[in-house]
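Engineer: So the sequences go chain by chain: A and B.
Be aware that the first sequence starts at 38, since it is given in our numbering, and climbs by one per residue.
Be aware that the second sequence starts at 33, since it is given in our numbering, and climbs by one per residue.
The reader is advised that the hints may include incorrect statements.
Pairs of lysine-lysine residues, derived as PhoX-like cross-links and limited to a Cα-Cα distance of at most 25 Å, are as follows [said to hold, decoys possible]: (1) B:99 with A:109; (2) A:109 with B:90; (3) B:85 with A:121.
Think of the hints as simulated: they come from the structure by calculation, not from any bench.
Values in this document were obtained by computation on a predicted structure and should not be read as measured data.
Below are the chains, spelled out letter by letter.
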Amino acid sequence: MPIVQFAPFASLVQPAFWHELTSLKIDVLRLSDEALPITGYYTLGRSITDRETGSEIVLGCNLSVGPESFHKSSQPPSGAFPAKGHFKNFNTIEDFKAADKTALFNQETERMWESIVTTRDTSSLNSFILITYADLKKYKYYYWFAFPSFVAKPAWEIDELGWKLANEDLSHDSACFLLTSIHAQLRATPLPFFLVRAGVEIAPIESYASFFANVPPAEQTIGFVDPSASPTNPGWPLRNLLAYMRAIYPATTGELRILCWRDADVPAALAGWKSRVGIVHTAPPADAAAAVARPSAVGWEKTPQGKLAPRVADLAPMMDPVRLANQAV
Amino acid sequence: MHAIQQQYWSVREYLSPVLKESKFKEHGRITPEEFVAAGDFLTYKFGVWTWEKGDPSKLKDYLPADKQYLLTRGVPCLRRATSLAYTDADEDAERLLSFGDSTGADEWVETHAGRKSNMDAANPGQIDDIPDLDGPADDALAQGVGALALGADAAAETPDLDDIPDMEEDGLEEGEDEATAAPKATPGVIDASQVEVANGNLLQVRTYDVMITYDKYYQTPRIWLIGYDENRTPLTPPQIFQDISADHALKTVTIEAFPHSASLQAASVHPCKHASVMKKVIERMNTSVVEEQLAQRKSPSASASSKDKKKWFGRKVSGAGKDDKGKEDKGEEEEVEGMRVDFYLVVFLKFIASIVPTIEVDSTASF
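Bound-form chain A, shown alone (with noise of 0.2 Å):
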């Protein structure tokens, strides 16, 4: 059975964020280079239809940081799911290079491991790490996320069929149903994570023990929220909720019918859905004391070229003055 592969996230930073981000190295932080809480989110995955060949074009599996990142209290933007993450700025392009990166990653791992054992939060599982260095006279910005996820071992494999269209994957009558109302209640209650069972229910991940105490195994699905829009790649998230699925409850969750919830609005013919169900499977580990330790997690974000880099935004064409004087007519 092939592995199931997650499309990973991928850093979206909106000019505005390094204003702010400027303004507040400037004016606050100064020459502080301590770790800050900082808030990005996410929203379902979407696709295009490309006029010209018919053609379904995906768009990214994006997470954002904008101005209002900084702020603890920022409401995030409707339709958009929180995810918490530690921010750094250094001072000098040499504190940057020589960051101990792998320390801050392994610091929040730790702390996501954390909270799914003790806690057993869902809230953590999207964290992300920051770091920065602001060359403000250049206007150039320095940065390099990671999006930390525990690497499952065994792997997580999927059956056969793959990841088919939710509405493919039930009766014509019940399908529409299900979606309608799933939908309906997300929107009433957002939850990034979430539980699904018959009658159309749907609880948050923490309440998994008793909301599915009765419930056949058959009938019981786990769905996401899924930045990604790819047919054959879930989402980022699902990776940390299965890992989260398997510390707490390793005895039933050798497979699980997932739903990847795509679908931002309710379309306007049924094959128009876009969310995805698949049943995924994994082997109990080799060996016991394996099964309770924290795993090892990968996610520092690549280059477009594929390389474990940082990134560069150059907004001088953007912030300039002088540069912005020459454009103007």
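Start from chain A and add chain B according to the hints.
Structural biologist: The following block gives chain B in isolation, referenced to the frame of chain A:
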């Protein structure tokens, strides 16, 4: 010079009075209240649009504090507008498009319908800097040549990771992770072979954040664009100009300070001609709407489908919580009112879509 000009514009906007009475059918201009009503309709009907507060220090007091401007994020842009340059060969390829009306009274002609993209690696369609008008002619020529050379460099202008030598870290993660989806050559393209080749062998899916503000001086909405390339790096102004149709790129679209942020710069379509264009479009649509409403009154037993359409134009936003049922009934009894102002922004987006043909701002096409 530019700074002085911007200062002048902001003073002029500050001094100009807020439009009080509705003039949208006569002049194509709208009042702030109508902007809010049309914005409510847009956000209600098309969930991708949201109202934003903006920077509190830049609050415009003639708009509600929580409805300062409209925003939609991540609008895809599959091709460069420069690839749509028209050629005589496909002059005849016209197609009639009908928007929202089954009678065929309001058909639009889409020219060059079956046209293929003419852009390839050899013709990347760079829009060069505009040579200065003042200065001797040969100077301008030299500058033009210089700009061409710059144009060739523009590809290399995208962030150059050589700036950070030795930053690649090999030891950070052990080995390849089998459960990470391999990055595709083009982010997110399902089947690269089916998709037209836009530049080299990559389809460059850019995304845009699109904002609509209310311009008090011109009394029209105004559109703002912030773009990202396929690697989510902010676009430079020349790159943004590639997505604007050649008729407008060098004339009406400029990079300016975004009015609801202290420091942000964005590309904007200058609104000086918006009112007159909107007036024309509205007149055309209005005639057909009025006709339809008249026909509706004559034959109350009109087919259900055309009744639906009629409602579309005649209805007040139910999201705004106004007395929409009562008003509609009254409207049918009293007089034919034509297109409602709520529809203004939907029409506006269709007009903007002609300026930025490859940016899919017009999510409303499906109605």
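Engineer: Is the straight-line distance between the alpha-carbon of residue 109 (chain A) and that of residue 90 (chain B) 25 Å or less?
Structural biologist: Roughly 22 Å separates the two Cα atoms, so the pair holds.
Engineer: Going straight from one Cα to the other, do residue 85 (chain B) and residue 121 (chain A) come out at no more than 25 Å?
Structural biologist: 23 Å, holds
Engineer: Starting from residue 99 (chain B), check that the Cα of residue 109 (chain A) is at most 25 Å away, please.
Structural biologist: 22 Å, holds
No hint from the list above goes unmet by this structure.
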